[in-house]
Every structure is written in structure tokens, then in C-alpha cells.
Amino acid sequence: MYTRATDAGWISRTHRAIEPFRLSRPETPAEVIQALADSEGAKVIAGGIDLVRRMRSGDTADTLIDLSAIAGLREIEDRGDFIRIGSRATHWDVETSGLLAARLPAFQAAWKTIGNVRIRMTGTVGGNLMAAERAYDGPVLAGVAGADLVFMTDGGEVRVAASKSPGSYPGGSLLVAVDIPVTEGAQFVFDRSLKPVVSVAVRREGDEATIGVGCAHASPFFWSGDVAESATALDAALPEPIDNPMGSAAYRRRMATVLARRLIAQIQQGDAS
Amino acid sequence: MSGELAFVSCTVNGVAHELHVRPEEMLIDVLRERLALTGTKLSCDLGACGACTVLLDGKPVSSCGTFAWQASGADITTVEGLAAADGALDPVQQAFVENSAFQCGYCTPGMIMRARVLLDRNPSPDRDEIRTWMGANICRCTGYGMIIEAVENAASALREATE
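Residue numbers (our numbering), protein chains in the order written: chain A, 99 to 371; chain B, 38 to 200.
Take these hints with a grain of salt, some might be off.
Stated by the list, open to error - Each computed DSS-like pair below joins lysine-lysine, with the alpha-carbon atoms no more than 27 angstroms apart:
| no. | chain 1 | residue 1 | chain 2 | residue 2 |
| --- | --- | --- | --- | --- |
| 1 | A | K293 | A | K262 |
| 2 | A | K141 | B | K96 |
| 3 | B | K96 | A | K210 |
| 4 | A | K210 | A | K262 |
| 5 | A | K262 | A | K141 |
To be verified - Cβ-Cβ distance ranges computed for the label pairs, FRET-style:
| no. | chain 1 | residue 1 | chain 2 | residue 2 | range |
| --- | --- | --- | --- | --- | --- |
| 6 | A | E129 | B | E55 | 19 to 29 angstroms |
| 7 | B | P160 | A | E138 | 50 to 60 angstroms |
| 8 | B | R177 | A | E129 | 21 to 31 angstroms |
| 9 | A | E138 | B | Q131 | 23 to 33 angstroms |
| 10 | B | S161 | A | E173 | 41 to 51 angstroms |
| 11 | B | E55 | A | R201 | 39 to 49 angstroms |
Claimed, not checked - Residues on chain A that point at chain B, a partial pick, calculated with CB under 10 angstroms:
| no. | residue |
| --- | --- |
| 12 | S166 |
| 13 | A169 |
| 14 | R218 |
| 15 | T220 |
| 16 | V256 |
| 17 | V258 |
| 18 | Y349 |
Since the hints were made in silico from the structure, they are not lab data.
Here a beta-carbon is modelled for each residue, glycine too, at the ideal position from N, C-alpha and C.
All chains, full assembly: derive it from the sequences and hints.
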């Protein structure tokens, strides 16, 4: 029923009904782990940007585990040779962090291009990474930055390189933080202008480049090697991209290498930090 | 399966409310159906267009993409809460009227709420910042030019009022 008589008269109402679920509101990461163990169909909600959209489109959950009452997951901290970003930090927190502006300005500038103001003010770093959505930018940026994902499990803390596919994440765990290494002299650039067909991020450290290709495969593809040979080597190493009406495999492949070349040229011209 | 009801205590436009909601009940439905605040418009129902924007503790959120229990403890402002008690329009509302910054008008409440937050945070945004900020909301009549001009004029009016 899309309309209903109310005190305000006949009004339209939510027409994408969400299936009922139980609500769990743990106060510690350990309670989250327990709640995940208690319900096989449980899902975690932080900002909810991705999850609510999915549930509006038919995804279901036995239990939603709300992270809002858990303290300490939203901080952005200087840990010396890396910056720790709490998984509940919003994109806006990243965008407006003075610490990131000082220590990882190019990474911050790239992260600032995610979504729009509405999404950035509510959506979280953890949500973007854990959504395992091929068109999302977080996994490409974190992977190229050499980040580690820090998970809390029932056996303690587990670290997984952000460049690994979501299939390698520990089951029944909670992403609590993302550790981004800080390396003097490293340069970082990102081009998402062809989303959702392809996006490319490049990080250069000395003679070595790391290239991440997003949108073109189920999860981002990463390549590392000699910067002088990077675009050619990327073309040779890139697995067959997705072929669909949004973009052919040949076009995605071609544009991945074009964008990589442009970004490397941008770095060489000194337009990155 | 049905979950237990969640208790929500919040203020909406300065009025305290205590409600029991189903876990899957969205904030927009509580505002429109229970509180009869139909100024907030339901459009895409996916949290994508911004027509249902309300302020949660001063932060703009899509009320169709927010569960009602997520607003527990919050101070909520809807478009009905902007005008003064005597009916005087908020400067942003006034600027939208004076610039005819609407065609069908369905997106207007969400546009006004988002513009209000921008001007609360930056009283002197440049045109690029206004475009970036308002780009989070969709006007299907494509009346963006007048909307951006209205926000510019509202910013001027707010600055003049505080000088």
C-alpha cells in the first residue's frame, strides 16, 4: 500500500518496504563479535548509506548490529609511521581531518572525491570498504596506499592488507580501523572521472609505482613494479575486465592504461604529493 | 520474523516526542505519518535524491535512508521548523521564494534544508562551493540555476542581517 490516510490527509509512504529484523545495540567490539556469532544472518550497520540502499532493494538481515554506541571507533590518530582511521570515521571526518591534511594530504584529497556531501557526512570508511562493491572508491584508495585493515575477531586482532580481496577477510569479525602508512616522498593520485566504468589510483615511491584499478573487476586489481614500465606492464597483467553495457572489457582495459599513464605523467610533472 | 519495538526519544522542531518504532521503520515515515510533518518529501526512497533531507543534530540526512531508531536522542529539524513562530520565513526560504527557485517544488524542502546547513557552516560560500554542496540534491525539473542564485542571495541576506 503506497498511500495511507493520516492526520495529515492521504499521503504517499515508503514503497520500498524493508523486511523486519531484530535490532542489536552492542557497546563493545567483543559484543559485536558475539552478536555476529549468535545470528548467521546478522549484518552490521554504521552510517547505513550502503546497507539501507541494499535493504531497500530487497536484501534482508535477521539482525542488524548497530555500531553507534561503541566508543573509540571514529578517531583518526597519529601512530608515527602510520595514521589509524577508525572504521566508523565518516568520509567527512577524513575530509576535514587536520592530521590527514598535514601527513597524508594527497590521500585525503583523493578520499574527498567519494560520493557527494550527503554521502560523505553520513557514510563511513568501514562501510565503504566492507560493502565489497566494485564501483566504490575506498578499496582502490586503501589498497594503493598500502593500508592494512584491522579486524577484531574472537581470537584477537587480525590484520589484512587492503589490497587483498574481501574473501580473505576473517569471518565473524568486525573491522575496527584502517592503518595508512606515512612514507616521506611518496606521491598519490587518483582519477575517478570514468566511474563506474573504470577508476585508477597510483602511488609512487622512488622508482616503484603501485597502481590500483577499480570498477573493472569484482574487486580492485593492484599492480606494483618499476614506474618506467608501469603502464605497459599493467596492460599485460590486467585480468580480463567485466564486459557489460556500461563498458566493454576492451574499453575498460584501454582506459585503465590511459588513466594510469596520465596519472604517472601527472606525478612526474610534480602535480601530486 | 519481527523484532522488538525500539524506544525513540527525540525532539522535532523543538517539541519533545517519545515513540516506540519497529526496527525497520524509517524516519521519514515517522515524521510524515505519525507526526503529520508532510513538508519532508518522499521521492526516490533509496537515499539518493535528497528530497527527504532533514537535520539530525544539525547534520543533513536522508530521512528515507535513516531508520527511526537512529534518531533516538537527536534534535531533528524539518522544513516546518525553519520559519519563526510568527510565520516569518527563514532567509533561505525567503530567497527561494524571491528567486522562484522551484518549478514543481517537490525537491524544494530538501534543497532548503541542505542550503541552510551550508550557510550555518559557511556564511560566505563561493559559487563553486554552493554547486558542490547542492549537488547532493536532485531537482528533476533541472532548475539548478535559480536554486544556486537563491542560495547566494540567502547568504547575502544572512550576512547583512548579522552586520
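Structure-based check of each hint:
no., hint, verdict
1, K293/A - K262/A, "holds, 21 angstroms"
2, K141/A - K96/B, "holds, 25 angstroms"
3, K96/B - K210/A, "holds, 18 angstroms"
4, K210/A - K262/A, "holds, 23 angstroms"
5, K262/A - K141/A, "holds, 21 angstroms"
6, E129/A - E55/B: 19 to 29 angstroms, "holds, 26 angstroms"
7, P160/B - E138/A: 50 to 60 angstroms, "holds, 51 angstroms"
8, R177/B - E129/A: 21 to 31 angstroms, "violated, 44 angstroms"
9, E138/A - Q131/B: 23 to 33 angstroms, "violated, 54 angstroms"
10, S161/B - E173/A: 41 to 51 angstroms, "violated, 31 angstroms"
11, E55/B - R201/A: 39 to 49 angstroms, "holds, 45 angstroms"
12, S166, "holds, 7 angstroms"
13, A169, "violated, 15 angstroms"
14, R218, "holds, 9 angstroms"
15, T220, "holds, 6 angstroms"
16, V256, "violated, 29 angstroms"
17, V258, "violated, 29 angstroms"
18, Y349, "violated, 26 angstroms"
When each numbered hint is compared with the structure, violations occur for hints 8, 9, 10, 13, 16, 17 and 18.
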